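J.: As numbered in UniProt numbering, the sequence shown has no gaps in its residue numbers, which increase by one up to the final residue, 333.
Take these hints with a grain of salt, some might be off.
[To be verified] Dumping the calculated BS3-like pairs for lysine-lysine here, alpha-carbon to alpha-carbon at most 30 Å: (1) Lys92 x Lys27; (2) Lys92 x Lys73; (3) Lys296 x Lys27.
These are computed hints drawn from the structure, not numbers from a lab. None of the values given here were measured: they were computed from a predicted structure.
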Amino acid sequence: MTALTQDLATRFATIALGHVTLEYPHKLDHVMDGPEDVLGPRALHPIFHGSFDWHSCVHGYWLLLSLARRFPKAVFAADVRALADRMLTAGKVAGELAYLDRAYTGGFERPYGWAWLLALHGEAARHEDAEWAEALEPLARAFAQRFHDFLPRQTYPIRTGTHYSTAFALILALDWAEVHDPALADLVRARAIDYFGGDRACPGWEPGGDEFLSSALIEALCMRRILPAPDFRTWFAGFLPGLAAGEPASLFTPAFVSDRSDGKIAHLDGFNLSRAWCWRSLGSALDEAGKGLALKAADAHLAASLPHVSGDYMGEHWLASFALLALIAGESE
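Turn these sequences into a full structure, and let the hints guide you.
T.: In structure tokens, the structure reads:
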């Protein structure tokens, strides 16, 4: 089973250090209310103006801090710490907070960017000798409040395998909230049960042409995080009743990526990596036969896309984060 090595970590860190401060090309999530709002990425976002888009820049920093914590003596770790000292400051965070006070930002980066910002703060808080978490905390609290306000109003989950995925956001939000906001953790658990608790016989109609998440497996992983182990096994048996027979076959088959220069088609490399993350994480909750199937599927998906985390910028600006999720799956269990 492929593991995270210092060589891989160095490769990932080198990629991310090359793009988290790269302002252009850039795809903004930005509503202009007048000519005064015609501004570039750096003017709008003092920290997260790199990596092609705001959310990729956020999880680029998460990647870097995660790798530096795991390999503190690696050559790249000093560069990461210097970058974080320069960028993750109270003054720059204030600029990111100010953006949230603009008109029409209620749906800004909802829910994907919200969840990744919480993950970044959670990772920063694991670095006890740095002030990054203290600087980021007001921004994390602002996005946590958005979850508090929005989840009770979100009547239906969004099941797509893209940035709008409810299950993916709930996973990252719960990981953060269990440490930093118990009330949000309770809300996430309750909404996950409301959204997914009754789901049965998932057809596995995936992947979609531009998905980077498995809508089936990311929901299963969400429930794995929410439910006690016996309850999860019962739920999962009803959700994927054909698992022992390798059905639905689509869930075990890596996606084919025809054009890595096309930003949407390149999502399918992320699809393979995120499936590897899900299968590895789910395997530990299954019986021996189910675990074997899960880990075999994880290895196949990882092998299909791990070689492609760099090459074309359409994948390079974000794929390493999902590769890391797969490689560290199960670490905290």
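J.: All the hints need checking, so say for each whether the structure fits it.
T.: Hints and how they fare:
1. Proximity of Lys92 to Lys27 is assessed by CA-CA distance (about 20 Å); at most 30 Å being required, the pair is judged to hold.
2. Pair hint Lys92 plus Lys73 holds up; C-alpha atoms about 28 Å apart against a cutoff of 30 Å.
3. This hinted pair does not check out: Lys296 and Lys27 have alpha carbons roughly 36 Å apart, beyond 30 Å.
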